[in-house]
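Quick note, the sequences are listed as chains A and B, same order.
All the letters of the first sequence, read from the start, carry residue numbers 1 to 508 under my numbering.
All the letters of the second sequence, read from the start, carry residue numbers 1 to 216 under my numbering.
Careful: at least some of the hints might be erroneous.
[Unchecked claim] Not the full set, but computed from the structure, chain B residues with beta-carbon under 8 Å of chain A:
no.	residue
1	Asp122
2	Ala126
3	Leu132
4	Asp133
5	Leu154
6	Gly155
7	Glu161
8	Glu168
[Stated by the list, open to error] Rough simulated footprint, nothing fancy, chain B against chain A, three-plus residues with beta-carbon under 8 Å:
no.	segment
9	98-104
10	420-433
Derived by calculation from the structure, the hints in this document are not laboratory data.
Just so you know, these numbers come straight off a predicted model, no measurement behind them.
In this text, a Cβ means the ideal position worked out from N, Cα and C, and glycines have one as well.
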Amino acid sequence: MSGAGLTLERVTYSYPGTRSAALRNVSLSLRPGRALGVVGANESGKTTLCLVAGGLAPAVTGGRLEGSVRVDGIEIADLPPHSLAQRCGVLLANPATALSGTAATVFEEVAFGPANLGLAAGEIVDRVCWALAVAGLESLASRDPAGLSGGQTQLVALASVLALRPRYLILDEPTSELDPAGTELVAGALSNVAAETGAGILIVEHKLDVLARLAHRMLTLEDGAVALEGGTAKLLRDPRLEALGVRVGASSERPPAASRVGGGRPLERASRVLSTEAVVPAIEMADVRFDYPGGVRALDGVSLRIEPGEALAVVGPNGSGKTTLVRHLNGLLRPSSGRVLMDGRDVRRVHVAELARRVGLAFQDPDRQLFAGRVRAEVAFGPRNLGLRGAELEERVAEALDLVGLGTEAGAHPYDLGRSRRKLLALASVLALRAPVLALDEPTTGQDARGVDRVEGVVARAAAEGRTVVAVSHDMAFVRRCFPRAIVMGEGRIVADGPPDRVLAGRR
Amino acid sequence: MLALVLVSALAARVVRRLVPFALAALPLVFSILAINTFLYPGAHDTIATWGPLAPTWTGASAALLATLRVIAFGLSAALFALTTPVDDLLVELERRGLGRRAAFVVGAAMTAVPRTLARARDVAEAQRARGLDTEGGPVRRARGLVPLAGPVVLGSLAEVEERTMALEARAFTAPGRRTLLRRLPDSGRQRAFRWAALLATAGATAASLAGVVRLP
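Take the sequences, apply the hints, and build the full model.
This is how it looks when you write it as structure tokens:
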């Protein structure tokens, strides 16, 4: 077969050192100007499909590939990497490693690819400006890429791939770290890119409304093989989707614009304060400001009171200070001014390690949290520091792993798990502390239906046990289901506070 | 030489940031001073005799000279690091014909220390967040370093594959010259100064070799 298109024919691929295939007998065809959505459970082969279609597996990863992968009629293995990069632009799922790490500004980071091609400076500037505009990043052009939030980094990584103007875009969960507004921006921008430049798009995505808007066709993967395939509208109605672990309810519902909310707040606050005046709050922040070195103000006067046993969601746009806020809860960051009180004690005078008994924090990026060589050792690290040994320790570890569904992986290396399961492992490592306060930074990111169920189970159980839960999330469905109270952040301040149905009323 | 470094540091307003570097050199400085002053071989012009300790004038002056050399050398390296942004240096090296791979390696080497430190900070934060107490006294801090070593190295290795893929995906291995977007301002005076510095170095070295001037 020849002609325009990215085609996989009967592709079976195994990673080096594994016996079972990660992709099994996969055939697909992507035409220029069309978009193909890929869904499936965690570890069903979605990321592997991206690596294979982008020519990175087996070229970089090693392993064995049978079948043929062709781009515009040319066998992908015959193309040198730089030539391939202009045909197939691959955006990897982990934004932290997607950047070159050599650029001083966002502009230069996005220019890295085109500059490698040796294009004329004027052409590069045009492309970079276009890519920054598509990703809505103009205002960050002169910022240091190392100082961006998780979501902003993901947008820069996307712009960096777009600037190469590839004929085919291969995107592995390009909106996973994005707020609903960012998700909508990217979905809209990608449909424009497909229409204007005639690029073909292969997109792995958990958010079905993004696919509904963008993809012409969809396929679902199960254990590395194509399970269902068809037109997007038809496939989205297929009752079998849910059984395949697809998050049918997942959406990128918008949170409200700041101006729309806040009306109900004083009343809400007053009643709560009245009823619990005698209780010492689990967490109290008083006019907290925080400046990162280099002068970026991430928190700008945050005052917040969280009662013991309360479940609170923190929502808001990328870069609004959500992660900075939760990192204050266990003392990893100390306020530049203002005070953070934990059970009435100023955290400034307490060691982080001591706070760890009170607050378990699961980080946004699991790779910044995991460090052990075995899953079991990773989970045991915390309780061991608390003095647990022997059977008690084993029991703690087993319980935490079971809660997140990793009970059978205790002997595995954390890096042998996919990113979504590494995230669950990071959660388990925090659960094992059994701290009275549980702080979760974007816990549902990248999870399939089962993964989200597990996270929701963890939150429900913690709430039932009377523990305090604080979760940063872009996942509005998750917020509505699990949290009676939400605060909306905007530019380092709290702009709304109340029940999710009220503060998230927004557009819908 | 030391005076030159200090004057340049003043001009670049980085004197305050040189202080930690100077402090880091203190143990070395003290050991040089002590060893030379007290144990200079063959020196007899003792300043005083305290039991077995007999500091000598020869030793003291040799110590002072060695110390000045070490400080001048150390601080000029520190001054270079403080005043030269890595990316500017790389752009200039590439403009002068260094290949992109070589430039990347130079850059990676220069940023390796801060990158490793950042990774170590991440791991340390993750460990503290799970109850490993590394705050407080120096012994406790030192103990916190032990569980860091393995994860820092392994974590960096685990990232290598993803970073390689990211670079491949950005056409890093394309043949030919990269386009350089930055053009660093380089005035005639700067060029003249560089040549003058180079000539002065060559001149001083030649004069010293020829025995005309004795350099410290």
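Going through the hints against the structure:
1. Asp122: holds (5 Å)
2. Ala126: For Ala126(B), the interface hint holds, since the closest Cβ of chain A sits about 5 Å away, which is under 8 Å.
3. Leu132: holds (5 Å)
4. Asp133: Holds, because the Cβ-Cβ distance from Asp133(B) to chain A comes to roughly 3 Å (cut-off 8 Å).
5. Leu154: Holds - the Cβ of Leu154(B) comes within 8 Å of chain A, reaching about 7 Å at its closest.
6. Gly155: Check passed: Cβ of Gly155(B) comes within 6 Å of chain A, closer than 8 Å.
7. Glu161: holds (7 Å)
8. Glu168: OK, holds: Glu168(B) within 8 Å of chain A, min 5 Å.
9. 98-104: holds (count 7)
10. 420-433: The restraint on the segment 420-433 of chain A holds, since 3 of its residues have a Cβ under 8 Å from chain B and three suffice.
Hint violations for this structure: none, all hints satisfied.
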